[in-house]
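J.: Heads up: the protein sequence lines correspond to chains A and B, in order.
Going by the working numbering, the letters in the first sequence line up with residues 130 to 240, in that order.
Going by the working numbering, the letters in the second sequence line up with residues 130 to 240, in that order.
These are calculated hints, taken from the structure and not from any lab test.
Everything numeric in this text was worked out from a predicted model, so none of it was measured.
Check before you lean on any hint, since a few could be wrong.
Note that identical chains are pooled: a pair holds if it fits in a single copy or bridges any two copies.
What the hints assert, rightly or not - Below, in silico cross-link-like pairs of lysine-lysine (DSBU-like), each with a Cα-Cα straight-line distance of 35 Å or less:
(1) Lys142 x Lys189
(2) Lys170 x Lys240
(3) Lys142 x Lys240
(4) Lys142 x Lys170
(5) Lys240 x Lys189
Number of protein chains: 2
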Amino acid sequence: MARLMLRIDLDGKGSIGPGKVRLLELIDEHGSIRRAGSTLKMSYARAWGLVHDLNETFGKPVVNAAPGGKHGGGATLTPLGRAVIDAYRTAERRAERAARPQIQGLVRRAK
Amino acid sequence: MARLMLRIDLDGKGSIGPGKVRLLELIDEHGSIRRAGSTLKMSYARAWGLVHDLNETFGKPVVNAAPGGKHGGGATLTPLGRAVIDAYRTAERRAERAARPQIQGLVRRAK
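Okay, chain A solo, but in the shape it has when bound (with noise of 0.2 Å):
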């Protein structure tokens, strides 16, 4: 099935698209930074370095980490990470119905 990828560039203050997502669901499931970022193929660098990026863009955490020890000290959510979540699935799936006419167009067209 053809599907629509969205990023979001936040007036100069960031960009929201399906990797930092995506990452944001894992620390959910997962409780930790560092299997999230794992499941993805990530270094924990990386997956800090994109956390750190959404908490500079809001301004404020998306994700609690508490400091690690020999087991990680496990992450969760905060209020304002589950509502980026929340948005941009929404959008997501608003985009995908709007545009599906011209998305099923091109599949057609497509070989």
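With the hints as your guide, set chain B onto chain A.
T.: Chain B only, in chain A's frame:
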């Protein structure tokens, strides 16, 4: 102003995003793959590669390129090339309108 960028994945037959569409528009404007590419700071090989990808996706050319000479051969869009631009830009407009509440909500939360 916040901007939505779309990438449309066509059932494993390739993808269409802002880079390829902008390149087609510039080929139309300049009549030259090389000049269109250089406007986007792309090498000729890279620009040609993107045109080639689109030709492969659709199984026929999106650009008619005359053989190059001293001044290059000139390039024009085919009707298919124009249809691809139209479908993408229409999809973008419709998606942006449909997702506007979510995009504006994210902009408001961004610091």
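J.: So, for every hint listed, does it hold in this structure?
T.: Status of the hints after comparison with the structure:
1. Lys142 x Lys189: within (13 Å within a copy, 40 Å between copies)
2. Lys170 x Lys240: both (32 Å within a copy, 30 Å between copies)
3. Lys142 x Lys240: between (39 Å within a copy, 7 Å between copies)
4. Lys142 x Lys170: Both: 26 Å inside a chain and 24 Å across chains, each within 35 Å.
5. Lys240 x Lys189: Between copies only: 9 Å across chains, 47 Å inside a chain, cut-off 35 Å.
Violated hints: none; the structure is consistent with every hint.
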